[in-house]
Amino acid sequence: MALEEETSRGSVGVAGYAGSEVRSDLQVRIAAGHSGGIVIELESRVKPYYENSIRLQIEQLSEALNISHARITVHDGGALPFTIGARFEAAARRAGFGQGIRLLPDNVPLSPPSTRDRMRRSRLYIPGDQPKYFINAALHAPDAVILDLEDSVPPQEKDAARLLVRNALRAIDFLGCERAVRINRLPLGLADLEEIVPESPDMILIPKVEMPQQVLDVGRKVAEVKGAFGLTRPIWYMPIIESALGIEKAYEIASASEVIAAITIGLEDYTADLGVPKTEAGLESLFARQRVINAAHAARVQPIDSVFGDLSNMEGLKTWALQSRALGFEGMGCVHPLQVAVIHEAFAPTSVEIENAVRIVAAYREAQARGLGVVSLGSKMIDAPVVQQALKLVARAQATGLVK
Amino acid sequence: MAIVEETKLVANAAGRMVPTLANGKTQTPYLGVDQYKPQGNKTGPPIRSASDYPHDGDKRVTDLETALRMCGLRDGMVISSHHHLRDGDRVSLMALGAAARMGVKDLIWFPSASFPSQKGAIELMQSGALERIEGSMNGPLGRYCTQGNMRGMGVLRSHGGRWQAIQEGEVHIDIAVIAAPTADAFGNCDGSHGKSACGSLGFALADSIYADRVIVVTDNLVPFPCVPWQIQGNNVDFVVRVDSIGDPAKILSGSTQITRSPDRLRIAEFVALFLRDAGIMRNGFSFQAGAGGIALAFVAYLKQLMQRAGVKARFVRGGSTKFLVELLQEGLADYILDGQTFDLEGVRSIAENTRHIATTPFSSYNHHGKGNFACMVDAVVLGATEIDLDFDANVVTHSDGRLMHGIGGWQNCLSAGCTILALPSFRDRIPALVDEVTTLCGPGKLIDVVVTERGIAINPRRKDLLDAVRGSKLPIRPLSEIKAEVERICGGKPQRPQRGDRPVALVKWVDGSVLDTVWQVP
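Sequence lines, in order, name chains G and C. Add 37 to a position in the first sequence, counting from 1, and you land on the number used in the numbering used here. Add 1 to a position in the second sequence, counting from 1, and you land on the number used in the numbering used here.
If you're looking for bench data, these hints aren't it; they were derived computationally from the structure. Cβ atoms here follow ideal geometry from the backbone N, Cα and C, with glycine treated the same way. Hints are supplied without guarantee of correctness; some may be wrong.
Each computed DSS-like pair below joins lysine-lysine, with the alpha-carbon atoms no more than 30 Å apart [stated by the list, open to error]:
#1 C/371 with G/169
#2 G/84 with C/494
#3 G/355 with C/120
#4 G/84 with C/323
#5 C/323 with G/441
#6 C/38 with G/169
#7 C/474 with G/355
#8 G/429 with G/286
What the simulated footprint calls covered on chain C by chain G, stretch by stretch (three residues with Cβ under 8 Å from a Cβ of chain G suffice, anywhere in the stretch; the number is not a length) [to be verified]:
#9 215-223
#10 263-276
#11 428-437
#12 484-492
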């Protein structure tokens, strides 16, 4: 049917999802023709409230993409404007329109740039294909929101999800969370970067890294796009190591680029690579996780743990997160907003740790004030790395309101 | 179809246009909170003589048709039924269907609430057997009414307002049909036992007292006495035994689940923290929460806070579920005063625990009485579909004017010490915070706090609450600020949906006056 239309009247492109279960998303079908102007057939859950707005937006989008004759069918489940824009653009591109044109929604003001050593206790994965999860993700206050273009997006939707994520980076106020994107593995990930980098994500997660070269390839592409758009705001990298080979190369990967802020591990793929089941206790990945921790510290980047996938098991999550922190990780991933608070609590320094650190910091300040080279607490000398650790811990405790 | 011709509209004290006449009865436009105080005496049922009833107390008749015939069923009568079996109820349609088969016309169905499974009432309206429904309508019935298909005008009342209308003769019930999970042949009824157990039968109490004739329908007939008699057999004319009064799976939820929606949980947690930070959660306090997703989760969060603070409630009100039952069992509440019972744990508890008490709309909600429990509750957590910047709220219609919820106890609960409306700030793309509510159900004067996932707004009128939470870490924000944020997210203010100019239903206030009109949706 679609093919027939294509040959007789012009090209057809469809994007997005429709159905009674679909919320906050829409499906757009553009059937281009040669006459008759723009005809919009609109079905919408919010038709009584936003029909005029949706029609106007679609007319404007059509004009911007130089579509002058088309039958445009919209099944809308209450999508927000940034989603309407992304779905329309994807449908148009699939119909052969608008190559080289970027249709951008209004930009909310960006929060200050992220820093290499900012706190990264929690990163919340959001499927890049599911806009209903985008808008309130930051309310749950993870340290980072990751718009995922990789595993959560089916192969045939990669092009559309890329536009959705790009629009989200502009239109959604992420309330000071680090705005991160997990791109696809290379070379597909390079196409993601062309769309994503101009919208200044704070961090790029690079999946399935086994060789430092992959990080360098990403770096070259990011530099190219930043240069083309005249962007200077920093974009940090977090390579994800997900294979036995990657683990063997952990240090080389962690030190591959100076804009790497953290490295992490993907345990689903890693345990599959080893051919062992992933368990709640996690003994099968203990070596790999410790390897990541050590490599990260050697390269002066943050070691970050994988996700805990069992949503219904909050106790298991807590146990895992406490162990994760004890091993030396500085954070882990979340697959659901409810995991954020549990992880933050687990990664918070204990009151005993804070007390010790505060005492060490006080001793250090006193030593500084008196011009002493050596910091001592009672009869004990405090080594410089211990002082550094205490300073960091107190800063974190202050940032999270655990200490004044 | 002749409604508009005889209907004059006036602006009431809330500025809403309301009919002065509906279903042939003169209406009092809403005058303001606590302004309308009718004088005179309550109505009363006819005097009956025990000598006209079976000497052995056995009031059984073979079937509903027989009972209806012996009640003197005729055209235009008011037949009442109740929703304590919720969406599982089979008795209402059984009774109306029997009446229709007997060939009567123009009946008025006066349910305490209607449910989607009763959509068969539409056919009865189409055939002429039913003239109208006076009671909440949602789903298919709500659609039928708002499309203007009902011959008479719908009248929506709160649970307390229904009692008030009955006791004052505003609605005269000719025949009350009471579904009883357990009953004896004398007519005593209990809701807590039997295969169709549902807990409290409080919604049927007024009908049993004031109706001309009362029929009890049960699927669990026990030898006299049926105790506890929530409905007294002394008010009952006939008892009919049937195989099943309802679908147990739809009467009760087997286990009530807390929502997993992170946004709703966030709202629920905000509500609990608000009660703590505002100092409302203290020893001896009381609260009411329904069985909606947010309300259930709120109870779970509040329980943790109460445990941590070592605080105990004197009483809690429901909509009881296992979450309230846990409070009772763990000594965190002295009593449950239960308006209706939603899950298996609730029914088990009300049957076994002497501190789990069945209440009625009379004790809990009736505005024309010498006080009621709702006024004595420290805090209540309710939902809403829309709220405006004056804190006026809508709970019965969608923003497009279609009926979606009954009023239930919602209006009555607004008299609590602190009324909290907890709701997402927008659903899909539809903001819940609006310039003007589509249908006014609750005056903002009685609404104190609005809790959304984006922040908590306190009615500026409640300076005491504003002061109480000073220093709290909660995101207390002006309602206008949250509204503006939501409008930005949604891509501007929504259009005002088109509204018909024909009234299809009235929204009564707790005192019987007319608060607003539901209009035909084109």
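Inset, instruction - Kindly indicate which numbered hints from before are broken by the structure, ordering the numbers from low to high. - result: 1, 3, 4, 5, 6, 9
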